[in-house]
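Please put together the full structure from these sequences, using the hints given.
There are 2 protein chains.
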Amino acid sequence: MPLPPITVLTESELRTCVGLDEESLQAVEDGFTRLAQGMATVPPIMMIPVPERSGEVDVKSAYVEGWESFAVKIASGFFDNPKQGLPSGSGMMIVVSAETGFPQAVLLDNGYLTDIRTALAGAIAAKYLARNKIDSVGVVGTGTQGRYQVRALQLVRGFNRILAYDREPAAAAAYAREMTSELGRDVTVVSDPQMVVRESELVITATPSRTPYVRAEWLHAGQHITAMGSDSEEKQELEPQVLGRADRIVCDRKSQCFRLGELHHAKDAGILDESHDITELGELTAGSKQGRAAEGEITVCDLTGVGVQDTAIALLAFRKAKEKGLGLMVDG
Amino acid sequence: MPLPPITVLTESELRTCVGLDEESLQAVEDGFTRLAQGMATVPPIMMIPVPERSGEVDVKSAYVEGWESFAVKIASGFFDNPKQGLPSGSGMMIVVSAETGFPQAVLLDNGYLTDIRTALAGAIAAKYLARNKIDSVGVVGTGTQGRYQVRALQLVRGFNRILAYDREPAAAAAYAREMTSELGRDVTVVSDPQMVVRESELVITATPSRTPYVRAEWLHAGQHITAMGSDSEEKQELEPQVLGRADRIVCDRKSQCFRLGELHHAKDAGILDESHDITELGELTAGSKQGRAAEGEITVCDLTGVGVQDTAIALLAFRKAKEKGLGLMVDG
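Which chain is which? The protein sequence lines are A and B, in order. Under this note's numbering, residues 142 to 473 are what the first sequence spells out, in order. Under this note's numbering, residues 142 to 473 are what the second sequence spells out, in order.
Incorrect hints may appear among the rest.
[Said to hold, decoys possible] If the Cβ cut is set under 8 Å, some of the chain B residues that face chain A in the computed set are:
#, residue
1, Tyr204
2, Val213
3, Met233
4, Gly466
5, Met470
[To be verified] Some but not every residue of chain A turned toward chain B, in silico, with C-beta under 8 Å:
#, residue
6, Gln178
7, Met180
8, Ser202
Just so you know, the hints here were simulated from the structure itself, not pulled from any lab data. The beta carbon of each residue, even a glycine, is placed where N, CA and C say it ideally should be.
Below, the structure written as structure tokens:
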């Protein structure tokens with residue numbers, strides 16, 4: 142029997158298949174739900190550091206019981222690339238059949254699908270945790286995710302303005318210009334992260350920082366914070382006391398956040414540990430635990446990125462590509 | 142700056158680029174040497190079990206300092222596949238730039254490169270450990286590696302005949318027929334693994350067995366055994382006492398073999414532990430430790446498969462493909 146062919150899809154094709162919409166949001170929610178229900182096998186992230194180039198390649202995967210395929214994702218961050226005019230991040234995904242183990246598709250997305258699924262996790266956090274009425278959204282870090290997170294947020298919440306901070310004023314200015322035009326909302330650059338946090342009902346931190354930006358004393362009642370930047374032991378965006386002040390702490394995956402996320406630093410600081418009442422995002426999407434329970438609660442969500450998000454978005458992209466007849470078929 | 146294109150290579154193209162020859166042997170030796178010299182970063186294998194289909198997908202990788210690229214390999218074994226007339230194993234490799242982290246090539250080899258690099262590790266073991274003059278080679282397990290191992294062995298040793306055992310007599314008969322014609326040597330099926338071990342100077346075990354085939358009492362002076370089948374905690378081809386009787390124990394990677402290979406079972410049986418004098422294959426290829434030192438020694442090599450083999454063979458294949466102008470270029 143000849144082996145089945147393998148579909149190769151490019152970034153431009155994949156962009157026509159999935160975007161920040163209700164269907165993608167639902168796919169990623171479904172991934173988190175199955176994770177919380179114990180139906181997902183998520184191996185530890187494989188990390189391959191390339192210190193000579195300030196680089197790292199991470200491999201993530203998750204098999205979800207009952208789904209016909211799953212993804213293996215290769216994602217890279219090489220922080221010397223911009224000096225050569227190249228983006229620091231890249232990536233691709235492989236879709237593997239859960240029935241035969243054969244590779245089915247190669248998604249040459251250059252990190253686009255990761256941007257989408259990461260932004261959607263932020264939107265899911267906001268959906269269950271942010272107050273319904275938001276005037277101001279604060280953004281700390283105006284890079285790619287500083288953009289994608291607010292785009293995705295529009296799926297679940299309205300808001301009137303964005304307050305943006307970046308340690309590079311030129312980056313913040315470009316962000317304000319571009320996002321004002323894209324979103325048709327007021328985007329204002331502020332010179333201090335304190336102003337972002339004090340004046341916004343919802344704050345998104347999207348930096349690769351190793352020293353925290355957000356201080357506990359700046360928090361106020363009713364606020365929600367999504368910290369999506371930290372995904373390695375050294376990275377940290379929130380002062381540990383921020384977790385101490387939160388009325389409700391949510392994360393994408395406890396075991397991972399206690400190793401790579403803000404929870405890790407809060408634990409080191411003696412503020413909380415694994416025995417605390419910490420909710421996983423999938424418990425919110427599954428309805429087994431409650432999101433925001435009162436207008437005045439301070440809620441914090443720590444995101445590190447989980448393989449189920451990759452599998453969910455990759456399978457959606459592959460299904461849509463097949464429906465559209467896209468992709469190059471290569472003999473197996 | 143546009144992203145560099147990605148080269149997609151098929152199995153048939155890759156077969157014209159690398160095979161069982163001196164150049165491939167040298168590439169894999171070089172990989173082991175660098176591993177032994179501390180120049181390779183080899184993350185733990187990522188394992189994704191799919192128990193509903195008796196399947197498992199493994200991801201391996203290794204970054205070697207100074208090499209311009211490295212491979213990430215996805216390999217699968219789904220043991221219900223043959224019921225549908227499909228091969229149980231499959232796989233592919235991604236070549237990633239160690240300079241930018243960008244994917245450079247997708248090697249759709251269906252496991253061919255794994256077959257090659259696995260066989261070459263066996264040949265390297267024989268090169269440094271087997272006696273120079275061999276009359277009979279014993280093969281336990283007449284599947285794909287039962288074939289590839291003896292093909293690769295020809296690069297480093299002459300021999301007159303093969304004694305082959307398989308628990309499936311029909312598989313052994315087909316092997317004898319095919320390999321006699323391919324090698325132009327006498328290939329004889331025997332009905333008992335004991336005869337294979339008692340009558341061969343070099344024995345290769347190449348099974349996915351969970352109960353050991355080779356007993357210590359069958360060993361004899363001057364013999365070399367390569368056990369390449371076990372690559373998971375449950376698999377075992379050698380009785381633990383075989384390691385106890387060996388004068389020289391070699392393995393591809395100690396940390397891995399004490400988890401997944403024969404060393405693991407010997408340790409559980411109290412026969413040896415990490416403090417014993419165990420040589421890594423790369424110490425032989427680097428010349429920092431001695432191989433066979435006397436005609437009468439009994440030597441054993443435990444192979445589990447290491448990411449440096451994948452990186453070595455993938456980079457050779459990619460380089461040869463570029464030289465030949467092969468592959469489909471897909472826009473990055």
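A quick look at each hint next to the structure:
Hint status for B/Tyr204: holds, given a least beta-carbon distance of 5 Å to chain A, under 8 Å. With a cut of 8 Å, the hint placing B/Val213 at the interface with chain A holds, because the nearest CB-to-CB distance is about 5 Å. For the restraint placing B/Met233 at the interface with chain A, the shortest Cβ-Cβ distance is roughly 5 Å, inside the 8 Å limit, so the hint holds. Because the beta carbon of B/Gly466 sits about 17 Å from the nearest beta carbon in chain A, more than 8 Å, this interface hint is broken.
Checking B/Met470 against chain A by beta carbon gives a least distance of about 11 Å; that is not within 8 Å, so the hint is violated. Hint status for A/Gln178: violated, given a least beta-carbon distance of 16 Å to chain B, over 8 Å. With a least beta-carbon distance of about 12 Å to chain B, the hint placing A/Met180 at the interface is violated under the 8 Å criterion. Interface hint at A/Ser202: satisfied, since its Cβ lies 6 Å from the closest Cβ of chain B, which is below the 8 Å cut-off.
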